[in-house]
Amino acid sequence: MRGWRRAGALRHSRLQFVLAVAAIATAVALPVVLVSVGGGVSAHELSNLENAGYQIVVSAPGVHGITEAHYYTHKILGIPGVTAASPVLSVTIDAFTPKGAVTPVLAEGVIPDQFGPTLSPAEAGLFPLPLPLGDPTDLVHYANGTYDGPATYDVMVSSPYADEYHITTGEKLVLSPAANRSLGTNYTVTGSFGVPPSVLGPTGAFAVLLPLSDLQTLTGLTGGNDPDAADTIQIAVTGSISTNPAALAQVQSKVQGLFEYYGVSSLTQEAQQLQAATGVLTGFYLALSSVGITIGLLFLALVLLRRVEADRRSIGIRRALGIPSRTIAAEILGGGATLALIGAVAGVAAGYLLVEALATWASSAVQEAARLAVFEPPLLTELVGGIVGLSLLAGAVATRSALRLEITEALR
Amino acid sequence: MTPAEAPLIELVAVTRTYGRGSPDEVRALRGVDLRIAPGEFVSVAGPSGCGKTTLLNLLGLLDSPTSGEVRWNGEPVGQRTDRARARMRLEGVGFIFQRFYLLPTLTARENVELPMRALRVPHGERTRRAGRLLEEVGLTGRGKAFPHQLSGGEEQRVAVARALANEPGLLLADEPTGELDSGNTQAILALLEKVRRDHAASLVVVTHNPEVARRARRHITMRDGAVLEDVREA
Numbered sequence: 429m430r431g432w433r434r435a436g437a438l439r440h441s442r443l444q445f446v447l448a449v450a451a452i453a454t455a456v457a458l459p460v461v462l463v464s465v466g467g468g469v470s471a472h473e474l475s476n477l478e479n480a481g482y483q484i485v486v487s488a489p490g491v492h493g494i495t496e497a498h499y500y501t502h503k504i505l506g507i508p509g510v511t512a513a514s515p516v517l518s519v520t521i522d523a524f525t526p527k528g529a530v531t532p533v534l535a536e537g538v539i540p541d542q543f544g545p546t547l548s549p550a551e552a553g554l555f556p557l558p559l560p561l562g563d564p565t566d567l568v569h570y571a572n573g574t575y576d577g578p579a580t581y582d583v584m585v586s587s588p589y590a591d592e593y594h595i596t597t598g599e600k601l602v603l604s605p606a607a608n609r610s611l612g613t614n615y616t617v618t619g620s621f622g623v624p625p626s627v628l629g630p631t632g633a634f635a636v637l638l639p640l641s642d643l644q645t646l647t648g649l650t651g652g653n654d655p656d657a658a659d660t661i662q663i664a665v666t667g668s669i670s671t672n673p674a675a676l677a678q679v680q681s682k683v684q685g686l687f688e689y690y691g692v693s694s695l696t697q698e699a700q701q702l703q704a705a706t707g708v709l710t711g712f713y714l715a716l717s718s719v720g721i722t723i724g725l726l727f728l729a730l731v732l733l734r735r736v737e738a739d740r741r742s743i744g745i746r747r748a749l750g751i752p753s754r755t756i757a758a759e760i761l762g763g764g765a766t767l768a769l770i771g772a773v774a775g776v777a778a779g780y781l782l783v784e785a786l787a788t789w790a791s792s793a794v795q796e797a798a799r800l801a802v803f804e805p806p807l808l809t810e811l812v813g814g815i816v817g818l819s820l821l822a823g824a825v826a827t828r829s830a831l832r833l834e835i836t837e838a839l840r
Numbered sequence: 004m005t006p007a008e009a010p011l012i013e014l015v016a017v018t019r020t021y022g023r024g025s026p027d028e029v030r031a032l033r034g035v036d037l038r039i040a041p042g043e044f045v046s047v048a049g050p051s052g053c054g055k056t057t058l059l060n061l062l063g064l065l066d067s068p069t070s071g072e073v074r075w076n077g078e079p080v081g082q083r084t085d086r087a088r089a090r091m092r093l094e095g096v097g098f099i100f101q102r103f104y105l106l107p108t109l110t111a112r113e114n115v116e117l118p119m120r121a122l123r124v125p126h127g128e129r130t131r132r133a134g135r136l137l138e139e140v141g142l143t144g145r146g147k148a149f150p151h152q153l154s155g156g157e158e159q160r161v162a163v164a165r166a167l168a169n170e171p172g173l174l175l176a177d178e179p180t181g182e183l184d185s186g187n188t189q190a191i192l193a194l195l196e197k198v199r200r201d202h203a204a205s206l207v208v209v210t211h212n213p214e215v216a217r218r219a220r221r222h223i224t225m226r227d228g229a230v231l232e233d234v235r236e237a
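For the record, the sequence lines run as chains A and B.
Going letter by letter, the first sequence gives residues 429 to 840 in the working numbering.
Going letter by letter, the second sequence gives residues 4 to 237 in the working numbering.
Honestly, I wouldn't trust all of these hints.
[As the list claims (entries may be wrong)] To be clear about the criterion: a stretch of chain B counts as covered by chain A if any three or more of its residues have a C-beta under 8 angstroms from a C-beta of chain A, and this derived list gives those stretches: (1) 57-71; (2) 93-99; (3) 116-122.
[What the hints assert, rightly or not] If you anchor each label on the Cβ, the simulated ranges turn out as follows: (4) B:S67 x A:A758: 20 to 28 angstroms; (5) B:G186 x A:I723: 51 to 59 angstroms; (6) B:E232 x A:S441: 47 to 55 angstroms; (7) B:E236 x A:R828: 44 to 52 angstroms; (8) A:R828 x B:S185: 42 to 50 angstroms.
Worth flagging that the hints you see were computed from the coordinates, not collected in a lab.
Quick reminder that beta carbons are idealized off the backbone N, C-alpha and C, glycines included.
Make a model of the complete structure from these sequences and hints.
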């Protein structure tokens, strides 16, 4: 208590004390929330990338930008070390249940026997493998570069969709590219699959999975500008190559050799890009938060200046007695730093509690993100240390004012 | 002061002008020569605005002359840095103000210890000396009281104890009884005489009070920024 009386120049103005602490706490809470949640989501996505069942991905600009997907899949599978190549086409279509309910669903077209090996262990647990879809190679329907072969018209449905509309295996679904049943085709439900929780992007809770050629035929992505279209081709390699960056780069290079204009990237590169993006985003969050922190520190400077003004006589007495300027400066700076420390620690605590509240009570997407929040003690310590350091600048203004007081004027 | 006796502090042709060159220019001191010897008890009297407080501020190194020279133990202090002058005040000067000027957030004992703390006097010595000084000024047992819990007379006693904390050679008192009733005035005057004698310090008192002035052995009268009379008692 005695020490506080000496260190705290604000003992006699609790309101100013509380307001200064609140201003700094508010300024600190914002970056704590942004960085912890943003960092947590990024770490989660990074973990997903690192645990994916594929190591190389082919992508193309535009919607369904890859053409000749079956042809290139066959070519990729010929590259030594490649164990699976799974083209994926994602399209939103309309589904009509036997009871007549219609709802948009996310349809994913895949080559059934290539899809499984490109799943992560966590995803693989959501699917019955091998997938219960007829034509596992998709080469019966898509035979010899045409769609003239017989289609099986098998489809799998996601569990949330099946549960919501009481769809069971063996029932018929009508899938249509538009909300018009007469444009649709009858499919037989052959099984269901689970939906992984996803923080970024749509959850795809209502989804169906069917052979790639079936979905291409259904949506007209078979010819014209989009012959044999897909969005990506995910490529899995052997274990020895996946853990050898040089060998992986070699496979990546060979895949790239097949495509002149498509992007071919390894997940290692994507992870690096994500990490770089996370770094940029963290910097952006901190830059955004610096506005609040600047305002908080300006407020602190104002409070300290007001205290110097109010303690004018006391400062004059001390200086008249011969108390060294550095002692007076240390008291003012110490008072400011103490306030900043209390405010910063309160801000970290407030940010933590806010994230906990979001994780408990917010709407689903925000809640999911908040649950992934990561509080990194070194980063938080740096933040608190930075605030305390900057408070010395705020205190310097008040200190300068105190040390420039004319003693004889202050004593009048 | 005998001619051979070296002065503790000396003002040589000192002037002090406020607001120089402005229409409101005030010439507070006009060529003052003054020598204060060790152990002297000097009263400074004169009408309001005659320059008494300015003189005291210059003697206490709180202010600098516009021209002329201030010497401490024969050494000019004009070229000293603010830091050096603060150190000289801390070690060599005790101030007693009319309005006491105790720090309101510190207890009586802490106020007394303040100059010693700045001089880094060890804790044990500081506590012992503060206790002795409070006893000397008759405030044993009041060390834990804050200024607002003390009477005016008690506050001025604490101020006297604080002024003596670092055993200065010069005590400067500006109207030390100006805010006190007659009973406390007598007590403070007796105390000032006693501590001056016991601590062998020079005492310069600025006062309007003839009773205070009567106790001094040397009487300086000022008018219009100059020393009108400087009378030593035999």
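Given coverage of the segment 116-122 of chain B by chain A, tested with a Cβ cutoff of 8 angstroms and a minimum of 3 residues: Check passed, 3 qualifying residues.
Cβ contact check, 8 angstroms cutoff: the segment 57-71 of chain B against chain A, three residues minimum: Contact hint for the segment 57-71 of chain B vs chain A: holds, 4 residues under 8 angstroms.
Distance restraint evaluation - E232 (chain B), S441 (chain A), Cβ atoms, bounds 47 to 55 angstroms: 49 angstroms, holds
Cβ distance range 44 to 52 angstroms for E236 (chain B) and R828 (chain A), holds or violated: 49 angstroms, holds
Verdict on chain A covering the segment 93-99 of chain B, criterion of 3 CB contacts below 8 angstroms: holds (count 4)
G186 (chain B) versus I723 (chain A) beta-carbon gap, inside 51 to 59 angstroms or not: 56 angstroms, holds
Status of the given 42 to 50 angstroms range, CB of S185 (chain B) versus CB of R828 (chain A): About 45 angstroms separates the Cβ atoms of R828 (chain A) and S185 (chain B), which means 42 to 50 angstroms holds.
Range hint compliance [Cβ, S67 (chain B) to A758 (chain A), 20 to 28 angstroms]: For S67 (chain B) and A758 (chain A) the Cβ distance comes to about 26 angstroms; the hint holds.
Checked against the numbered hints listed earlier, the structure breaks none of them; every hint is satisfied.
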